[in-house]
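Read off the chains here:
There are 2 protein chains.
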Amino acid sequence: MKVNFKKELETASRGMIMIHDPHRLIKLIVRMIVNKFELKHAAMLLFEPESDAYVLSVSRGHKSARVPQEITRLNSESPLIRLFRQKQFKDLTLERNAIVTDDLNQMIWRETIVQHTQGAKELLHKVDAQMQVLRASACVPSYYQKKLMAILLLGRKQTGEPFDQEELDFFSALASDAAMAIRNAQLFERLKKEAERNRRQFIQMIIVLSSAIEAKDSYTHGHTERVTSYALAIARQMVSNGSAKFPENFFENLYISSLLHDIGKIGVPEAILNKAGELNKEEYEIMKQHPAKGVEIVKPLNLPVECLQGIMSHHESFDGSGYPEGLKGDQIPIFAAIIAVADAFDAMTSTRPYRQSMNPHRAMEELETNSGIQFHPAVIQAMRQLYAGGKILDRF
Amino acid sequence: MKVNFKKELETASRGMIMIHDPHRLIKLIVRMIVNKFELKHAAMLLFEPESDAYVLSVSRGHKSARVPQEITRLNSESPLIRLFRQKQFKDLTLERNAIVTDDLNQMIWRETIVQHTQGAKELLHKVDAQMQVLRASACVPSYYQKKLMAILLLGRKQTGEPFDQEELDFFSALASDAAMAIRNAQLFERLKKEAERNRRQFIQMIIVLSSAIEAKDSYTHGHTERVTSYALAIARQMVSNGSAKFPENFFENLYISSLLHDIGKIGVPEAILNKAGELNKEEYEIMKQHPAKGVEIVKPLNLPVECLQGIMSHHESFDGSGYPEGLKGDQIPIFAAIIAVADAFDAMTSTRPYRQSMNPHRAMEELETNSGIQFHPAVIQAMRQLYAGGKILDRF
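Keeping their order, the protein sequence lines are chains D and P.
Just so you know, we're using my numbering here: the first sequence kicks off at 1 and counts up by one.
Just so you know, we're using my numbering here: the second sequence kicks off at 1 and counts up by one.
FYI, nobody ran anything at the bench for these hints, they're computed from the structure.
Note that the list lumps identical chains together, so a pair holds whenever it fits in one copy or between two copies.
Taking lysine to any residue and the SDA-like style, the derived pairs with C-alpha atoms no more than 20 angstroms apart in a straight line are:
1. K293 to S211
2. K126 to T112
3. K328 to G372
4. K299 to R199
5. K192 to H20
6. K299 to I207
7. K299 to R197
8. K192 to P22
9. K391 to E366
10. K293 to E270
11. K90 to K121
12. K293 to I207
13. K147 to A173
14. K193 to N302
15. K275 to A215
16. K293 to A215
17. K192 to M18
18. K90 to D128
19. K245 to Q381
20. K147 to M18
21. K40 to D128
22. K193 to H20
23. K146 to M18
24. K146 to E48
Just so we're clear, the structure is a prediction, and the values are computed from it rather than from any experiment.
The shape of chain D in the complex, shown without the other chains (with noise of 0.2 angstroms):
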């Protein structure tokens, strides 16, 4: 035996800790066991809580010498769970803070002469068929607050040379140790797993927000989600072509501002987004206070400043003769000049109430016109490049 048992306890449990994926974290502990201790295999059977089963997490060692592959679980009424769970029973494996089929024979003569607990001796055969299914030569549980956790399952040695308590205890410690870090990673990972679903929900949600504008009005089937392809397929450009540095969670925040840019028409009569002639002076002052509605809608989300930029300025102009703030060049937050870019290529390629859709060649000329006029000459820049390179073409 080379294996210095505090040494390695202390390794292995120090890091353990940190390693939040709790697959990740068996493989190692199984790993280091098999090769420390020159095993022909190891597997680890992890407590489920919503399934009250122990599933075999992983099993390492040569094909012929490993459990069977078609035990992936074993449910509560299994004898070896039922050895280690049940208080009668659990007294039978305290003293070597393990089951080892060496010892299985003894035990059941011991049983059989004093029989001193009701249905051991029943159990305790169960428990040796089992383990031979299972090709361990020992069963290490591991328990955290009392419950049963974990059971390691060891093979046997290459030698042939049977388990000696030191080791056997050095493997409770272990296996107590590694309990309680897997169980720190299963936490970890269902609130990781909680915080994606719900971040995806409330992305889900601005989706919906976002068609339920559609909905409203007959013409804009689709705007949305255009506006904020290309409005993505811009910035990334952007950041390629060298022209821009943006931070990590710049496209992020992008994505939901232009999911959100027309939010504010919600609060725009059905009658004046539908018209089917142009707004008059009076309709299109409502119609110009759609940005400003739209930060009042999206204020309860506390979302951050470069989103309600997005939704607030993307009507404003190069020139400053946009609304609602005649905002002029680099006053005009850069959100806010990509969707407006976006939004205007697809406006025009776009049949409207009033007027007929443009080709897409005959819309790129237009914004190219307007560089520098009513839109940013940076974003122009990117969206040439995208058109010319054949990338916002999807649905023409």
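Since chain D is already given, all that's left is putting chain P on it; use the hints.
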């Protein structure tokens, strides 16, 4: 020295991983140290990545012995932080795993004679002064992946004896385990906050969406919010009068479902929603589509089936005469039956395009008359009790 180091360390480390509140964790560690080693005080400085500073987390001990209250953080330019972080100085503390005030004179003297580290002497003088201000007789750094995660500040022992190397080694090992556990707890806390924030944003988004419906329908200001609050009150009353038992997530789902029950109206033209007279047959058919449209709209959210039932069936009638499916009695999901009553009560007590509002007493009589005909009797019973108890009259 009565402390069994190994055992203390193992006990302390083992539990740490499952404590996911960083402050509680630090408190436990510091308390253990103060008590077991009979120190005048102890404290921990914890790395805060956002500010690249070390924040004083707990200072425990008699008032006169503690770290002075005005000290709350050390920035990366502080002498102690430089000593433990900068490679050329770290070596000074390597032998002892700590910096001890009693060593400082000797260390300074050695630097003066041998002078093998540029700037070390000046730094050690400053460290000496800083440790006096902090009332620390030893400072133990703790690293994770070579990063300085925390510093354990130790006051003098009550007995006045100095720390021996065995004790310092113990503190070092403990600090290292603690650093990892604290990091784990911090990550946990961050993830939890993220999940909560995302959830809040999702709920806020639902509220935004429901207020978007109201922006279309000029007569329903506040309707959704009131229906939601009535529905929740009814459900709580049904639980407390013993007529129903609801699962844990019932109330959150009812909340979501009530907020969204009329979402399908987004797809109904404003001309129909706001019509001053009664709807003709054709208009009514369009209006009747709003439950199914609502379910269609929220489809991408993957909401629990109960939420969808509330949206789909809140216009069903107990006698089977409702829409869209003509469900009868207990075929009508309880979510829908509750929302139906809340919805009807609010509709009757509000002014609508085609009629003035009813007073709440008259509306309650109307509900009673229709118990078992249009409405579920158990829901009406709960509503009656709430009304009699004066619990739903906030707006009158």
